[in-house]
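Read in my numbering, the sequence shown has 133 at position 57, and its numbers run on one by one without any break.
It should be emphasised that the hints constitute simulated quantities derived from the structure, not laboratory data.
The reader is advised that the hints may include incorrect statements.
[To be verified] Simulated pairs of lysine to any residue, SDA-like, Cα-Cα distance not exceeding 25 Å: (1) 106 to 131; (2) 106 to 94; (3) 118 to 105; (4) 118 to 134; (5) 118 to 88; (6) 106 to 95; (7) 106 to 126; (8) 106 to 134; (9) 118 to 102; (10) 118 to 100; (11) 118 to 95; (12) 118 to 94; (13) 118 to 128; (14) 106 to 124; (15) 118 to 131; (16) 106 to 125; (17) 106 to 127; (18) 118 to 101; (19) 106 to 129; (20) 118 to 137; (21) 118 to 92; (22) 106 to 88.
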Amino acid sequence: MSTGQMVAGEKYEGNGDERLNFPSSIVVDKNGTMFICDRNNKRVQQWFQNANSGQTLNSNISCWGLYPIAIYEYLVGGKF
77 MSTGQMVAGE
87 KYEGNGDERL
97 NFPSSIVVDK
107 NGTMFICDRN
117 NKRVQQWFQN
127 ANSGQTLNSN
137 ISCWGLYPIA
147 IYEYLVGGKF
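Using the sequences and the hints given, assemble the complete structure.
Take a look at the structure:
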């Protein structure tokens, strides 16, 4: 049996920069930076590798149905 490693967020849900609430999609770029659709907080957060918290790139959006390809299109399209 293997164990997982927490790489973003904390043990409990929340809305601070160090917490997530129902992350529904994640894109990881070539540098290991994660772009997380934080569904219940209605935001997309950027987490740099080994960071203790994320930064909000876009807020007050519905992440339901925002799949990794859609996040990628926002990134390369310059919408963030």
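Hints versus structure:
1. 106 to 131: Given pair residue 106, residue 131 holds - Cα atoms ~18 Å apart, limit 25 Å.
2. 106 to 94: holds (22 Å)
3. 118 to 105: holds (21 Å)
4. 118 to 134: holds (8 Å)
5. 118 to 88: holds (17 Å)
6. 106 to 95: holds (23 Å)
7. 106 to 126: The hint holds at about 14 Å.
8. 106 to 134: Distance ~21 Å between residue 106 and residue 134 Cα, so the pair holds.
9. 118 to 102: With a Cα-Cα distance of about 14 Å, the restraint between residue 118 and residue 102 holds, given a limit of 25 Å.
10. 118 to 100: holds (11 Å)
11. 118 to 95: holds (13 Å)
12. 118 to 94: Distance of about 15 Å is within 25 Å: holds.
13. 118 to 128: holds (20 Å)
14. 106 to 124: OK: residue 106 and residue 124 at ~11 Å, within 25 Å.
15. 118 to 131: With a Cα-Cα distance of about 13 Å, the restraint between residue 118 and residue 131 holds, given a limit of 25 Å.
16. 106 to 125: holds (11 Å)
17. 106 to 127: holds (16 Å)
18. 118 to 101: Given pair residue 118, residue 101 holds - Cα atoms ~12 Å apart, limit 25 Å.
19. 106 to 129: Given that 25 Å is the threshold and the Cα spacing comes to 19 Å, the pair holds.
20. 118 to 137: Judged against 25 Å, a Cα distance of about 5 Å means the pair holds.
21. 118 to 92: holds (12 Å)
22. 106 to 88: violated (28 Å)
The structure shown violates just one earlier hint, number 22.
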